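Engineer: Single-letter residue listing:
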Amino acid sequence: MTRVTIPIGPQHPLLKEPLSFLLTVEGEEVMESVLRLGYVHRGIERLCQERTYVQNIPLIERVCGICSHVHTTTYCQGVEALSGLEVPPRGLYLRALMCEMERIHSHLLWLGVLSKNMGFDTIFMYAWRDREIVLDIMEELSGGRVSHAVNVVGGVRIDLDEEHARSILTRFDVLEQQVERALELIEYEPTLMARTQGVGILSPEQVRRYCVVGPVARASGVDIDLRRDLPRPPYDRLEFKVITHPAGDVWARTLVRVRETRESLHLCRQIIAQLPDGPTSVTAKRRVPEGEVVSRSEAPRGEVIYYIRSDDSDKPARLKIRTPTMTALITLPDQLRGATMADVPVVLSGVDLCIACADR
Amino acid sequence: MPRYNWPLLPEILRTLFNRPITVQYPFGPLEMPERYRGRVDIQAEKCRGCGLCVRDCPASALELERVDKETFRLIYHPDRCAYCGQCEESCRFDSIYLTNDFVPGTPHRENLTTVLVDRKPEEGEESGGDDEPA
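Chains as they are written, first to last, in the numbering used here: chain A, 1058 to 1417; chain B, 520 to 653.
Bear in mind the hints are in silico, worked out from the structure with no lab data behind them. Not one of these hints is a red herring.
Computed list of chain B residues with no C-beta within reach of chain A, every gap over 10 angstroms: (1) Arg567; (2) Cys569; (3) Asp587; (4) His627; (5) Arg628.
Dumping the calculated SDA-like pairs for lysine to any residue here, alpha-carbon to alpha-carbon at most 20 angstroms: (6) B:Lys588 - B:Gln562; (7) A:Lys1342 - B:Gly570; (8) A:Lys1372 - B:Ser579; (9) A:Lys1372 - A:Arg1343.
Keep in mind that this is a model prediction, so the values were computed, not measured. We put the CB at the ideal spot given by N, CA and C, even for glycine.
All chains should be built: construct the whole structure from the sequences, respecting the hints.
Structural biologist: Set out below in structure tokens:
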């Protein structure tokens, strides 16, 4: 049979961000795929070296449009470690609260994108409707739906009073009902199962070889989660389950993500219940003493790593960002091999790509 | 083993009787939350022209034209602003702040530029700051 090469991207209705695939197909079967990246490279790492530590925070927030808070959290953790700052417990709890709400928002967004890409618009509408609840809460808390500008070096800017906390908890009840319904839907909806089961399989060996992190790794049965494996406060005092699934296909990823959303809701409730009193931030010096640090956090898509080297000035000498999407992207040629053309959208959206993150 | 074949049906029926959850803007009002980070404004009489907000602004949206200690202008370019709130965080005199008023689109970006503080030395008055649009 003749081989045909089909380009997908950089501009394609299936992709929400620019990314290019050259698929070589034989009939309906994908034989080979070549990945091209770099369409949204903005040179953020280099830009960071030109700006002060304070100015870098809004810039780093724009690495990713979905998990913006966890990026600044990781960056601030690193700078705080370099300057030897101790963040007040209330600041750490509020940071974690935003992180968990961001995880809920990211996973629901992903559920919407996946269902949209496989033509199941009903779930897309419901998932994005429920996501509004958590987006509204984040907007009330921080003043922005996706760029929260919550973190400062030394703590957080926002505070949460009791009345607001009560109103948030009431809305979490509504959200929890919706998430439970979504979970029921995913477990029992025959159309969704038919489209996602056995598609885009990654074995635990492949996950280890490609260093895949986050929900994609957990859906292949690899039990990794930085919140548990490297427990920073407040996660060492919170109870949560790390969700894994042995199947390794897109259906397993869907289940893992929606169950994680439920876990994140429990975490948010615990954080609000345990919220300690006190200040939310400490004043940081502008100059950071010489040193280097590696800072890691569990983003919605997996482990995000920041490397910062300082040279006793107010600007970082080097800043390196490793985002979780990078690890998931390189598995795509493996996942696509042998898939049919109709499964390509499901496989591509199944790993939850964030191209802006990967290109930086 | 599916418990029932139409798990979506109850949700669809429930949604049938709900009001639309979309906002009717621009045909209806759009209420922003209290902490929403919108256009930057200033309490001009409190401004000392120290330039901390200008130094920390990540988007170069603030500009300080200084003649001497008494005479300076603080200019704000909303078209460059990232609405991050760093100026409010950096201000030592609680002078500059973010309002919850979002900036609508404009075909002419230069019209957006505002002079936040136009301070001139005045006789008989210690802090004669006024807030005039450009």
